[in-house]
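Asker: Residue numbers (the working numbering), protein chains in the order written: chain W, 143 to 548; chain D, 16 to 272.
Some hints here could point you the wrong way.
[To be verified] Calculated lysine to any residue pairs in the SDA-like style (CA-CA distance at most 20 Å, straight line):
{"no.": "1", "chain 1": "W", "residue 1": "K285", "chain 2": "D", "residue 2": "R124"}
{"no.": "2", "chain 1": "D", "residue 1": "K113", "chain 2": "W", "residue 2": "K328"}
{"no.": "3", "chain 1": "D", "residue 1": "K241", "chain 2": "W", "residue 2": "D313"}
{"no.": "4", "chain 1": "W", "residue 1": "K354", "chain 2": "D", "residue 2": "H76"}
{"no.": "5", "chain 1": "D", "residue 1": "K178", "chain 2": "D", "residue 2": "T45"}
{"no.": "6", "chain 1": "W", "residue 1": "K285", "chain 2": "W", "residue 2": "Q230"}
{"no.": "7", "chain 1": "D", "residue 1": "K104", "chain 2": "W", "residue 2": "G314"}
{"no.": "8", "chain 1": "D", "residue 1": "K241", "chain 2": "W", "residue 2": "A312"}
{"no.": "9", "chain 1": "W", "residue 1": "K285", "chain 2": "W", "residue 2": "S233"}
{"no.": "10", "chain 1": "D", "residue 1": "K241", "chain 2": "W", "residue 2": "P211"}
{"no.": "11", "chain 1": "W", "residue 1": "K328", "chain 2": "W", "residue 2": "A194"}
{"no.": "12", "chain 1": "D", "residue 1": "K50", "chain 2": "D", "residue 2": "K180"}
{"no.": "13", "chain 1": "W", "residue 1": "K285", "chain 2": "D", "residue 2": "T122"}
{"no.": "14", "chain 1": "D", "residue 1": "K241", "chain 2": "W", "residue 2": "T215"}
{"no.": "15", "chain 1": "W", "residue 1": "K285", "chain 2": "D", "residue 2": "P120"}
{"no.": "16", "chain 1": "D", "residue 1": "K241", "chain 2": "W", "residue 2": "N144"}
{"no.": "17", "chain 1": "D", "residue 1": "K260", "chain 2": "D", "residue 2": "R271"}
{"no.": "18", "chain 1": "D", "residue 1": "K102", "chain 2": "W", "residue 2": "D313"}
{"no.": "19", "chain 1": "D", "residue 1": "K212", "chain 2": "D", "residue 2": "R160"}
{"no.": "20", "chain 1": "D", "residue 1": "K102", "chain 2": "W", "residue 2": "L320"}
{"no.": "21", "chain 1": "W", "residue 1": "K205", "chain 2": "D", "residue 2": "H76"}
{"no.": "22", "chain 1": "D", "residue 1": "K50", "chain 2": "D", "residue 2": "V202"}
{"no.": "23", "chain 1": "D", "residue 1": "K102", "chain 2": "W", "residue 2": "G351"}
{"no.": "24", "chain 1": "W", "residue 1": "K292", "chain 2": "W", "residue 2": "G351"}
{"no.": "25", "chain 1": "W", "residue 1": "K292", "chain 2": "D", "residue 2": "G131"}
{"no.": "26", "chain 1": "D", "residue 1": "K73", "chain 2": "W", "residue 2": "K543"}
{"no.": "27", "chain 1": "D", "residue 1": "K113", "chain 2": "W", "residue 2": "K543"}
{"no.": "28", "chain 1": "W", "residue 1": "K292", "chain 2": "W", "residue 2": "V273"}
{"no.": "29", "chain 1": "W", "residue 1": "K543", "chain 2": "W", "residue 2": "G446"}
{"no.": "30", "chain 1": "W", "residue 1": "K285", "chain 2": "D", "residue 2": "K149"}
{"no.": "31", "chain 1": "D", "residue 1": "K102", "chain 2": "W", "residue 2": "M316"}
{"no.": "32", "chain 1": "D", "residue 1": "K50", "chain 2": "D", "residue 2": "K189"}
{"no.": "33", "chain 1": "D", "residue 1": "K102", "chain 2": "W", "residue 2": "D348"}
{"no.": "34", "chain 1": "D", "residue 1": "K270", "chain 2": "W", "residue 2": "M316"}
{"no.": "35", "chain 1": "D", "residue 1": "K180", "chain 2": "D", "residue 2": "K205"}
{"no.": "36", "chain 1": "D", "residue 1": "K73", "chain 2": "W", "residue 2": "G314"}
{"no.": "37", "chain 1": "D", "residue 1": "K189", "chain 2": "D", "residue 2": "I173"}
{"no.": "38", "chain 1": "D", "residue 1": "K260", "chain 2": "D", "residue 2": "G89"}
{"no.": "39", "chain 1": "W", "residue 1": "K535", "chain 2": "W", "residue 2": "M440"}
{"no.": "40", "chain 1": "D", "residue 1": "K149", "chain 2": "D", "residue 2": "R53"}
In case anyone wonders, no lab produced these hints; they're calculated from the structure. Treat the numbers as computed from the prediction; the structure is a model and nothing was measured.
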Amino acid sequence: MNLLSFALRNVSRNRHRSMVTTGAMGFAGMIMILYASLMEGLFVSMERNALAMNLGEIQIHAKGYRDDPDLYTRIANPDKLVKLLQQQGFSATPRLFGFALAAAGSSSAGVQLRGIDIEHEPQVTQIHNHVARGAWLDGKDGKGVVLGRKLARTLAVEVGDELVIVGQAADGAMANALYTVKGVLKSVGEEIDRAGFFMLESSFRDLMGLPKGAHEIVILRTDRKQALALASMQVGTMFPDYEVKNWRALQPLIAEILGMADLNIYIMLVITYIAVAMVVLNAMLMSVFERIREFGVMKAIGFGPAQLFGLVYAETLVQAVVALLMAFTLGVPLSFYFEQHGIDLTNFVSGVSFAGIAFDPIWRAEVTPRAVVSPLITLFMMAAIAVLYPAIKAAVIRPVKAIHYR
Amino acid sequence: MQPSRNLFRTLCVICVLLLSLSVIAQDSSTARAKKILRDIDDLWRGESSYGRFSMHVKTLHYTRSLQMEGWSKGTEQTLMRILRPLKEKGTATLKSGKIIYTYLPRTDRTIRLTSGMMMGSWMGSHFTNDDLVKESRMEEDYIPRIAFEGLRDGRQVILFELKPKPDAAVVWGKLELLVIKKDYLPVYEKYFDEDMKLARTMTFNQVKILAGKPRPSVMRLTPADKPDEYTEFVYESLELNIKLKDNLFSLANLKRY
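Please model the entire structure based on the sequences and the hints provided.
Answerer: See below:
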């Protein structure tokens, strides 16, 4: 059947209309590929910020610690646990937490002390790469501490300034010590920005009089293909005496927001393509009405309704394929450009966090197969649906009436 | 007509008299209650005071013993300083009005406590910093009522029920104070929270001569939800109504030791 060559000829006959229709579809496709990539980028960076800055993928706590974060509710032998986890192919790091008052000059603020294992922490989180000014903790400098962004502002301290910490040590005594600000973090997330006070594990133990134990062990899968739920079950059976939870259970809100990414992209796709579908519908309807006599003649010389239906469909699909190619060849490089360079929002959203997750001021696209393929498929389907009506219209034409149509 | 009016007037007069009598009676009972409360408040404080005492704290996680000295002037000004152990020697707390400063000799810093730290423990005890700020005289902040008076456990006692005045800055729903009738010395004081649930009990023991009078020398606070824990103050010496220098309660003096 030479329906396709018929269609190609028809499409090229009214070049302007075809170009506008194809162009509209192609342009919409290109924009949607870019939009989907940007949204993917946004959520990937949110997930990265949430997990790689603090949360990790799986956490272990002593039972009851999460309900009542008490200095004494500890994991007894964190080193052994970390070693066991590493043997099972996980990265893991212990952490210590405590609450205290930080004072510098005439300002003071409540802080969350975080005792960091300087050797293991970088295997699990990326926070050491997130220092805005100064440097990250250094194993040799027990007096050096790193502060969250807002905390540094509240205390009005900068790198090199001294501050004093007052709290209650494990033996009831007044814990107090002087520290020097070694670094100030970039925006990481509400909790850390406002109260994060990072110090060496050894300094924490000195200050709080806590020689043993840890409050939290944070775990990262090294094998990303292993399912998260499966991995946390594996860790859970390794340590039945402790509470083991993965980040989706620890932060259901964040998990839910990230889960909404897909929905968000599809809603935008559908809205945009309904507009595109109108254009396609209009263009094809016009081309059908324009050629009613022609169709009448075609029917009179033996074309069946199915063939006419197929013809109109083929014309649209030819244009849709061209539009898809156009969307792909323009949209993908454009998205890759924004993946490389990002959109600098520093002037607009500096320090904004969303549901407690910091928003990276450089918004980068993330070109994933899904971000490219789903706009193309949706575009194709929308065109196919939109042309249904004109195609039926052409198919049910009555030859005599059509020939006399004016 | 005439006699009945007279009768009415007489009745009125009698009523007024009776009413005022009962008011006077109630007044005198309130006055007595207030007087007892004032005396109890003054047992360790007076107009001004200087005392040496030790504090013993026992919690699930630690026990600690401190020797301290303290000065006070009214309820507004207090200075307390750790004498022993050596590790914490010189650590001092100054209360001046509603503000609390802590001096930390190890870092040579004076910290003004923020509102966020008010509910924190004072020197590791069961008292919060807020308790220190809210420290007040019972007769000023509470409306006393004698709930029981008579024989209990072989002693003549008076049980006071104290309800906070509407505008008083107290956190408690009510206090119960048991006092020995003979010498008006306190036996215990029970603190009830706003839901009228017992929150903590302060018991008074070991009466000995302090500042020229018999006074309980041991005070022990037990939180109701942790019956195995306590904070105990043991007075070693006490001087009352002494002359104190005005600059005693100053920031400059806080770090002198």
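Asker: Okay, which hints does this one fail, numbers in order?
Answerer: 2, 6, 9, 16, 24, 26, 27 and 30
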